[in-house]
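Visitor: Everything in the sequence shown is counted per the UniProt record's numbering, starting at 1 for the first residue and increasing by one.
For the record, the hints were derived by calculation from the structure and aren't laboratory data.
Accuracy of the hints is not assured; some may be wrong.
Listed next, the in silico DSSO-like pairs over lysine-lysine satisfying Cα-Cα at most 30 Å (straight line) [what the hints assert, rightly or not]:
1) Lys-234 to Lys-44
2) Lys-234 to Lys-116
3) Lys-234 to Lys-120
4) Lys-234 to Lys-258
5) Lys-127 to Lys-151
6) Lys-127 to Lys-200
Now the in silico label distances, taken between C-beta atoms and shown as ranges [claimed, not checked]:
7) Asn-180 to Ile-46: 17 to 27 Å
8) Val-215 to Glu-159: 42 to 52 Å
9) Ile-23 to Ile-54: 16 to 26 Å
10) Pro-167 to Asp-109: 26 to 36 Å
11) Ile-77 to Asp-119: 41 to 51 Å
12) Tyr-25 to His-108: 17 to 27 Å
13) Tyr-25 to Thr-148: 52 to 62 Å
14) Ile-71 to Arg-29: 24 to 34 Å
15) Asp-139 to Gly-45: 19 to 29 Å
16) Gln-84 to Leu-26: 16 to 26 Å
17) Asp-119 to Val-81: 39 to 49 Å
None of these values were measured; they are calculated from a predicted model.
Think of the CB as a built atom: it goes at the ideal place given N, C-alpha and C, for glycine as much as any other residue.
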Amino acid sequence: MHFDVSNLFTWNNLSIALDVLIIWYLVYRLIMMIRGTKAVQLAKGIVFIFIVRIVAGLLQLHAVTYIVDQIVSWAVIGIIVIFQPEIRRGLERLGRTPIFNGRGESPHDQSVKMVKELDKAIQYMSKRRIGALITIQQDTGLDDYIETGIKLDADITGELLINIFIPNTPLHDGAVIINNNRIAVAAAYLPLSDNSMIPKRLGTRHRAAVGISEVTDAVTIVVSEETGGVTITKNGRFLLDLSRDEYLKYLNAQLVPKEEKKIPWYKRVINKVWKWGADR
């Protein structure tokens, strides 16, 4: 029996593939959004309930099936009420994506601008020995820590960062958390590390920076108020007393995505499908 590769490229097969890709992408984005937040426990509970429902159906446990169905029916309303802040933030994040914003700045341009403003603030505070703690969210969500701070939702500027950390001001004690190229909150609390490898001379800001890096993949910048030295932490590692060239090189490598030529999404899909068919 002869197998014709062209039979794979029917509209039915392509629609199934597109359906799977969309679901995969949505699930992936959802997982990235809830990582590191209290919603993770909710997700575990939902998975457990569905497993119980499937097992009860297979074993024909009618009473258990009925109870689980009732729980699911009312849980939808409960989730909307309890997790209203998280849902709102998720929708706001969706609204700031390029597909809704039209021809806005590319992620590359936004990140370059962010690093420039961070550098401006770091240079000013380092020379004057103004202590600072700045955490930039990566893939792991920081919503649980954002909730401990004072909401700003402001554009990132060097001047604003400097004003936040001026001593004896209401917001200077705690961390600034940056999310989606915006200052989400100031005066946030971060977990302190008990790592014995941290030098004794380093203070609470450095322990908080290492602490958040041990439980998330965030990039955290510390300016020491004792020495003016700049430290960066990520994934449990800390880089001490970095020069300007060193921290700029690191921040650009970690925060600035590669600039890509803008190609319409439909052309990218067609190119992928065409290349896959040619390889076959």
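Visitor: Each hint should be assessed against the structure and marked as holding or not.
Guide: Evaluated hints:
no. : hint                           : result
1   : Lys-234 to Lys-44              : 27 Å, holds
2   : Lys-234 to Lys-116             : 20 Å, holds
3   : Lys-234 to Lys-120             : 21 Å, holds
4   : Lys-234 to Lys-258             : 20 Å, holds
5   : Lys-127 to Lys-151             : 28 Å, holds
6   : Lys-127 to Lys-200             : 23 Å, holds
7   : Asn-180 to Ile-46: 17 to 27 Å  : 26 Å, holds
8   : Val-215 to Glu-159: 42 to 52 Å : 31 Å, violated
9   : Ile-23 to Ile-54: 16 to 26 Å   : 19 Å, holds
10  : Pro-167 to Asp-109: 26 to 36 Å : 34 Å, holds
11  : Ile-77 to Asp-119: 41 to 51 Å  : 47 Å, holds
12  : Tyr-25 to His-108: 17 to 27 Å  : 21 Å, holds
13  : Tyr-25 to Thr-148: 52 to 62 Å  : 31 Å, violated
14  : Ile-71 to Arg-29: 24 to 34 Å   : 26 Å, holds
15  : Asp-139 to Gly-45: 19 to 29 Å  : 23 Å, holds
16  : Gln-84 to Leu-26: 16 to 26 Å   : 20 Å, holds
17  : Asp-119 to Val-81: 39 to 49 Å  : 43 Å, holds
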